[in-house]
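Could you put the whole structure together from the sequences, leaning on the hints where they help?
Residue numbers (the working numbering): 5 to 265.
Simulated from the structure, these hints should not be mistaken for lab results. Keep in mind that a hint or two might mislead.
Claimed, not checked - Derived pair list, reagent style DSS-like, types lysine-lysine, alpha-carbon separation capped at 30 angstroms: (1) Lys253 x Lys214; (2) Lys255 x Lys211; (3) Lys253 x Lys211.
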Amino acid sequence: MSEAVITETTRAGVRTLTLNRPDRLNAANDALLLALTDALRRADADDSVRVVVITGAGRGFCAGQDLGDVSGRDMTFTEHLNHTYNPLIRTIRSLGKPVISAVNGVAAGAGASLALAGDIRLWAQGASLIEVFSNIALVPDSGSTWFLPRLVGYHRAFELMALAERVRSDDALRLGLCEQVFPDETFAQDVQAYAERLAARPANALKLTKQALVFAQTSTLDEALDQEAALQQLAGDHWEHEEGVTAFKEKRPAQFIRDGE
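In structure tokens, the structure reads:
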């Protein structure tokens, strides 16, 4: 049997999904993209999973599309994106749990899009991101034209895409492309520790917070206010809220994980 293109581990409520084509810097083929989408959906349906981490095996996070996998294929660019990348990005953004992009190495092309799609982006010191599409005269896809300008502004995004400039970890942190940078040597441990902190937070409230933020990115203020009011009712009716208030009154840390979860 061939080795799995996605490996899965779960510890302390954290499901880690590892892109597993290290000999190709985890360049994406159909098998990897479809397997990752399936793994994300299964994690979403698993109540024992509170946080999902996406990372890469070996030296790379994801070097983008494996061009050899699509060369000569009887499929249009549009068909390929709608079959593979677009469902993956939509799954990440709609997942009812926080998704951490743990960028351990180079994230190029569609791999850059994947790195940007997480709710939280953690980078290793040696990681880098490059919107490489213009080098082969293509348009950035898989969500890059949506994510990148929202983070760095239209003009900087256009420059990074037009010139295919590599962004390294120090600049990524300054530009807002990641939230934390950790040493290469301890990256996996640091990501796990961070994810476990997140897993201890109120899962239902974080799910609703993600819904509110995603909705607000394409809504008017009035629409966002209405959405917040509706979601706040759902949060207030959940047991987590009662626990949070009780813990506050009792001057103790709130326990947002019940026995058996």
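Consistency of the hints with the structure:
no., hint, verdict
1, Lys253 x Lys214, "27 angstroms, holds"
2, Lys255 x Lys211, "26 angstroms, holds"
3, Lys253 x Lys211, "25 angstroms, holds"
The structure shown violates none of the earlier numbered hints.
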